[in-house]
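Enquirer: Residue numbers (the numbering used here), protein chains in the order written: chain A, 1 to 331; chain B, 1 to 331; chain C, 1 to 331.
What the hints contain is simulated information worked out from the structure, not anything from laboratory work. Treat the hints with caution; some may be incorrect.
Where chains are identical, the list cannot tell them apart; a pair therefore holds if satisfied intra-copy or between any two copies.
[Unchecked claim] In silico lysine-lysine, DSSO-like type, Cα no more than 27 Å apart, as pairs: (1) K206 with K299; (2) K205 with K293; (3) K66 with K78; (4) K63 with K293; (5) K281 with K293; (6) K66 with K82; (7) K142 with K131.
The primary structure of each chain is shown beneath.
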Amino acid sequence: MKNNLYFKKNNKKFSLKDILLKINYNSDEEAINKNIYGINSLKEANNNEISFFNNLKYLNDAKNTKAAACVTNISYKKYFNKNKNIYLILSKNSLIDFYKIVSLFYPYANRDNEKINCINRNNLDSFSFKKVFFGNDCLIDKNVSIGNSTNIGNNVIIKNNVKIGRNCSIGSNVILENSLIGDNVLIKSGTLIGQIGFGFGFDNKKRIRFPHIGRVVIENDVQIGSLCTIDRGSLTDTIIGEYSSIDNQVHIAHNVKIGNYCMVAAQCGIAGSTTIGNYVKIGGQSGISGHLKIGNNVKIGGKSGVISDIEDNKIVMGYPAKSIREFIKNK
Amino acid sequence: MKNNLYFKKNNKKFSLKDILLKINYNSDEEAINKNIYGINSLKEANNNEISFFNNLKYLNDAKNTKAAACVTNISYKKYFNKNKNIYLILSKNSLIDFYKIVSLFYPYANRDNEKINCINRNNLDSFSFKKVFFGNDCLIDKNVSIGNSTNIGNNVIIKNNVKIGRNCSIGSNVILENSLIGDNVLIKSGTLIGQIGFGFGFDNKKRIRFPHIGRVVIENDVQIGSLCTIDRGSLTDTIIGEYSSIDNQVHIAHNVKIGNYCMVAAQCGIAGSTTIGNYVKIGGQSGISGHLKIGNNVKIGGKSGVISDIEDNKIVMGYPAKSIREFIKNK
Amino acid sequence: MKNNLYFKKNNKKFSLKDILLKINYNSDEEAINKNIYGINSLKEANNNEISFFNNLKYLNDAKNTKAAACVTNISYKKYFNKNKNIYLILSKNSLIDFYKIVSLFYPYANRDNEKINCINRNNLDSFSFKKVFFGNDCLIDKNVSIGNSTNIGNNVIIKNNVKIGRNCSIGSNVILENSLIGDNVLIKSGTLIGQIGFGFGFDNKKRIRFPHIGRVVIENDVQIGSLCTIDRGSLTDTIIGEYSSIDNQVHIAHNVKIGNYCMVAAQCGIAGSTTIGNYVKIGGQSGISGHLKIGNNVKIGGKSGVISDIEDNKIVMGYPAKSIREFIKNK
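So here's chain A without its partners, still in its complex pose (with noise of 0.2 Å):
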């Protein structure tokens, strides 16, 4: 959450007794008259911060987390046990009520604004960009930042806070949003990139969105096929590494990171949070499920389905995926 340029917190603070109303809880402690500045991860979080634990992976985090508070299952308090420092709000629907407190601090991330302060279209091509070249349509925000010998397709959308690199090529149909692309980079047309993933809960029968305040990054030399959907982070930020390959309709949730030189065939997905590592190669219609951690140079064979961690350097196939000589014996 470092540099999130994109979704700028309010700037009130708002103290644990605040956040505590809005969550619908009580408390007379005295604690609860400190100031919170903002929402973080359990490895991020400085002692002004408020943070977040309701799965065992990050187990590890929470242990040594530095955050002012946060706000976790009650079965979960014993794992606070050796910190005296956090205050725990210990919550029924911890997922929920987090969902809530951050929206107190990001009130507009749980939706795509679809309102562009759009660059005068037949000024385009002086508006401070050298060299960019725009294709006929497009709608540029004001805000918007393009390098040099970039060239952009027809009926593109690049909405507020979106920085692109030099000599990329966005094919058209293209949306952009909150999303930080470097150079080198390659879009082909129809691909949509930011928008607000697939996040969410319900409470009394009634939607609750999560705020998604990452971004997406995209690093040099990336490419990126037609028809993909990349998710904008919820908390962190979405990242495809530099040099990787994504082909047509892929789909990356939120919170994903790829490592450099990846490639992903056509009609991947690749659920939230799971990150994966460099050198990594997915077959076509390969599904991964969500908060995995895929090492480095691991293959995965066309159609598979993996939903475990797999360690560097392995082969795997089928659904649920096992090594290839597994797969092959099997059938």
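Since chain A is already given, all that's left is putting chains B and C on it; use the hints.
Expert: Relative to the frame of chain A, chains B and C by itself:
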């Protein structure tokens, strides 16, 4: 088919004689002078309407139908033995023959009409809409209705005969046609709703495209992701029940009915005429065959292939999908 | 590659010496003074052209090629022992070296050109088209040809060098480039046809993008769904045979050839260079690997993964796809 506002049949009635001529059948029975005023499903047809039966899943409906006439397979004649009031058209190619008859009543329903009688763009904001925000370059047909406080993105196309409720958010590059959309609905960018489905047959190697006279009905508080396709119904409506949530790149075919509070993860596909209960959760990249019935509270694991009905409360996984216990045992 | 209208190679010829220089090879043989006038497949190359061999599937073509020169792997030298007229370029990275040579002849074919020399929109209807209906805001290049009675939707982009036949229906938001489209073709909204495919390699960690000099050829009476991607061919054309039908969200990679009267259900993916016969039916969400040959009248069950050739008339299912009898027995 009640309340079908979108493809008003022309007002002419057709005698059974006219109908038989259309499909190159002859008869000199007296019954063929009877007039037929419309087509309908076996269940809903009245005694002025013609219906269709070629799938034993609908045997019960066939036995109890009140339809004046029915196109069916020669071998299905026996199922109508007790119904003396029905005129049976025993066909060698019942599907194609029925297509042709439907086209008599709905001659323009087998295609998507790209003609829009557009509201003047410079005047969009004031055109009978209250507090509706429009992005740039929208094409909105004059007969579209949009509720208060709804936001419409950029380059959105809303064709003839669409009604949108209040407080909705429609992303950019969305295309809507033949659809009824409730309140508080979110539709992310790039999604297409209400187009004709994948229904056709061949008659002497010539393609006969099935008329699609149904709508897409999106109920209140539904959320639909980016780059989804939800095709309109052929004879009945395609329906997404209230509070249901659909992620990116999902395909929902004609006549599918999804209940309330369901969750459909990214890249799922649901084939034509399948019915899904309430509170059903479907993992990413799953596929469900056509004409199935999935019960309430069913959980379908990611990447599953469902090829038979599922009872209430079951948890299934794999392809063909089976109970999760069995799935794990066999892997 | 015959009749390739779309990426006319520049008129210069290149000597084998020039060609070797381009890939940093040296030779002082006399043969390298020979001029090369183009590149071609092993099968179609004449004795003025250079070709490429790195896949044993094409061994027979290699043995019989008339090409003047061929880039191949060092270990493949033996297959050319009987061909004394060919100049072999034995490469450590034959694919990349060939990419570089193709780029000499077709320097602009490794990207999609977003520049459109647009017909004036206010004048679209009269511009040399007869009875062509255009929706709003189309971008049509001046050199596009469109047959009588064809309907074009809204926001459609048709780039340089596209020919469309008569009586077609093109939906909204469609993008066409480098394509030849027959008569009576239906293309639903949001589909992208003719873009570059997913072909590239790395040379010292620098991406070399493969030139795509082929077209997409859509034959008469084809139907293509919404949000499909059909990439243009690299060295040959991508072809969809007459009367074939493709549902929504299908991906068809470069060089794929689909026969006549095929049916491809929603969300299928067909990888590069695979050839499919006539009357083939492919169930939804199936994937077919690259460089395969699928016979006539084959039926592939939904969600199958095909990783080897299939003979005529077979019915297969599962992953890896096997006969349906075996599939059911094992489940």
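Enquirer: Could you check the structure against the hints above and give me the numbers of any it violates, in ascending order?
Expert: Violated hints: none at all, because every hint is consistent with the structure.
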